[in-house]
Amino acid sequence: MGKALRPSSWLMLLYLLPGLSIYSFVVLVPIFSAFRYSFYSWTGGPKRSFIGLDNYVEIMRDHVFWQSFLNNGLMTVYGLIGQVGLAFLFALFLLSRAVRFKALHRTISFFPSTLAPIIIAFLWTLIYNYNYGLLNEGLKLLGLERLAQSWLDLSGPIVLLVSIPLSWQNIGFYTLLMLAGLSAINKEVLEVAELDGATGFRKAWYVIIPLAKPTLMVASLLCIANNMRGFEHIYAMTGGGPGNASSVMALYAYDTSFLRFRYGYGSALAIAIMALTLLIILLSAFALQRKRSTDGGGS
Amino acid sequence: MKKWQAVLSVSVTCAMLMNGCSNEAETSNGSKSADGQVSIKLMHRYQTSNIGKSPEDTAVLDGVERFKKDHPEVEIVEEQLQNEDYSIKAQALAAADDMPDVFIVPGSWMTNFVANGIVLPLNEELDKRPEWRDGYRPGTLDAGTRDGSVYGIPIAAGPTHLIYYNADLFADIGYDHFPKDWDEVMDAGSKLAAKGINLFSYGDKGKGYALSSWISALTDRYNGPAWTESILAGNGAAFTDAGFIQAITTMSNLSKSGYLNKDMNSVDGDTMVSYYFEGRSAAFVSGIWSAMNVVNNAPDNVKNATKVAVFPAAPGGKGNPLASSGGAGVYYSINAKIKPGPKLDAIMTLLEYMTGSQSAKLMAEVGGFPAFDPGQFDSAKLHPIALAAYEASAAADATKIFDLWFDASIVEVINTEIQSVMSGARTPEQMAEAVQQAYKTFLSKR
Amino acid sequence: MELRAELAAERESPHLMRFGKKLAMNAIMLLFTASCIFPLLWLGYSSLKTQAEFSNSIISLPGKLHFENYAEAIKLTNMPQLSLNSIRVTAISVVLIVLIAFITGYFVARLQFKGKRLMVIYYLFGLLVPIHALLVPVYLLFKETGLADHWYTLVIPYVAFNLSMPILLVSSYVTGIPKEIEEAAAIDGLSFSRTMFMIIMPMAVPVLTTVAILQFFACWNEFSFALVLLKDASMRTVPLGMSYFKSQYSTNYPQLMAGMVLSMLPVTIMYFAFSSRIIAGVMAGAVKG
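Residue numbers (our numbering), protein chains in the order written: chain A, 1 to 299; chain S, 1001 to 1446; chain H, 2001 to 2289.
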């Protein structure tokens, strides 16, 4: 690379500094403070007492937290199927010649991504509503009135029920991401596939998936990160209820700080959430990477 | 790596510079009010848009306006927030030790705020104003008092448990009164269910309704007030005692038998009341605050049929069957950093305007139950339902509202567990066990 | 541009099956698209009903259009003031995000420097932060630095928490621009900064538009920081107004819906005005492996 293309170190620093400083200031500093508070027993106000690792020991034994963690895990699985998986399928459909109104599908399906969580939550609470709900109304129209439920009161499938609005909102975004990834490979590769005589789903499986892996991977990691720190939809739809049935980690940490006045423990929970999310991301990135390399060797 | 250190150090410097600049701005702001004018920062959850709808909002905000008129020399910087938002904001401010001068403190926060030195003891100031101090109804200062020091000025009182029922619907199934015992309650429930009507509508989405309007009163029916005192003092009583389990079982049975609305955990209090208005339910359990909601918003046929009752006696229970959980629940407190002087004087005067005699009269006249005894007031304009609720409140033997007295950590567990029990996912015994666990943790830390 | 491969493959399959498959694919897509838009249309037309009409039949169209629901919502929430505040905070944040994301993304795509990988990871870390669990430390920070409660307060967290994705999108897009362009510019004697801003930035407009609009939605919809970091009612943003509005009308559904529709109106107009560009940009900027 020529010298004229490379600015001096000072100029580089000058350019990168505004972004780094504002980001460090708002993102990093609070994390450091939370880390510090996590070693204290702190119920608000100026008084704090140092208790070492007690908060972390308590987290290990806190079954509500671990139940919330499992709920996050479950939501992530639903997210990977309902957001990334379906988006991949829809992207394939949208690339096919057979499907009409592509622009319409793309435009409309992306629209829910632009709405505020408070609106999504309101809308879906109403869809699930027992007396005024679209879902029960739909069942009635199909003559399945006996299946009508107060959906958000069901402890069993509650995590699935709150995951559906999330998928509904984000699927358009992931579809676009997939389309972008797929359209980059379709031209050359699919012509080769044509020569091989690969058809339909076989084509998708053997030709497209290995090539779309980078996109799939980014989408999956993004989806995992979003589901592990999920908060707003659940907060507004169920508040974690009934009981703790739909509680998630971020909501539990929030309640601990704001309803139970336990800021020290709440901070420890925040740190634990980040550590667990990071761990899961690294593990899945590792797993996906490995799978990718073995696949690459196989095909 | 050197570059990174440089980046970090520069960003820290930037932050400090920003800090410096804004502090300067703040002090210049501060000096504006330093030339003689007292400025009071007030944060509460009463809202101008609720004037005329809610007696408390009407009376308190009227007090603020009167104060502004009488004391133009005092500047009032007011922040109004809705309930949920208020809690979150106040918690963040409290954690940062950055509370405004005057703010609302629910009784359940008080222990924590006192322990952390956030609120100012008011005894001395109140002693300077004996007439005002002695005007509060007996017991209303209690939940804001710790170790003899008063930390909060109560606003409204009255029961958190009353039953509003539609007498016509009960007459249709052969009851000319509200069921007198729990067998009759269950009988009425099944007869109403046969007609497709819920006995009670119930709305606990906000988590807290069950404890405040049901569990507090119902547990007292079984256990009597001595049990509650023993729990609070930490000398022997337990949540695994039979009475508490029976109270929860009673609620659970109503749910299991299908006498409550199916969506009990996913609708809020307003929806619960609207189900009653729509005739989906024959009754609902709520505090005195719902009286004016019925008067203002119920369709005429429902309004005219509405009567007020309390839970019947529990079989073999130790509590007074006429009692209701009640007392003042929410207080105005003052920032502990305020020193005696003209500002504190102005604040106390403001509080008297907002909660004292004149405000109390207004609150009673529009259907509320003020903590300050309004004495004689013009009850002519009051709707019979509001009057009935007012009289029930004045007559009721007030037992403790658990959510104001128990520690927040225990309250949280009860609020969460009761949802699980009502939805059928847990048993009352399991709930009692979990609550007792939280109680033990709390005691061990005390 | 369409898939000739698809066509070729399909030519081999029996006619009937091909038709069935086509039909199924179209049906699935149409069903999905309908499910995306129907709840929103329902929200829209139900907001023009009265509560009685709504309880009567939740799904029927309104008999008469009750625009007074909107009048009430505008009156009660002080919508003009809220929108103005939201527009100001959102606009400034978006401009800063685009600028910072462009510069940083460009550096990541084009320059080799020590700590680059670390910097990218550092920015990506922002995607993991559970902000709601950190509201107390964030508030403390703003209070201690005196940054709370100013008209510009919200810009700071909005920029900081919305940098990660844009940087990723920009750097991926810039990677796709041929390097020869900068080399040619260097030969013409253009400085680094001029090349970056005058040559590359215009070329990156598609992805920058996308970034701008996506982050516009994110900032416009943000609630928690707005609640905690602002005291003055005159600085409140639209989501705060909505929360307040919701507390006032929790059982009058059409009235509530009118408020919801009102609050999403600017975003909706923005989206449908720019949707083709947003979509082109997301696709252009998306990670291509």
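The hints are simulated quantities; they were obtained by calculation from the structure and are not laboratory data.
Keep in mind that this is a model prediction, so the values were computed, not measured.
Among the hints, a few may not be true.
[Said to hold, decoys possible] One side of the interface only, derived from the structure: several residues of chain A facing chain H at Cβ under 10 Å:
1) Y40
2) G52
3) L53
4) G85
5) L89
6) F101
7) R106
8) L115
9) M228
10) M274
11) L283
12) S284
13) A287
14) L288
A virtual CB, placed ideally from N, CA and C, is assigned to each residue, including glycine.
Evaluated hints:
no. : hint : result
1   : Y40  : 12 Å, violated
2   : G52  : 20 Å, violated
3   : L53  : 19 Å, violated
4   : G85  : 13 Å, violated
5   : L89  : 8 Å, holds
6   : F101 : 8 Å, holds
7   : R106 : 5 Å, holds
8   : L115 : 6 Å, holds
9   : M228 : 8 Å, holds
10  : M274 : 6 Å, holds
11  : L283 : 14 Å, violated
12  : S284 : 13 Å, violated
13  : A287 : 18 Å, violated
14  : L288 : 13 Å, violated
In this structure, the hints that do not hold are numbers 1, 2, 3, 4, 11, 12, 13, 14, in rising order.
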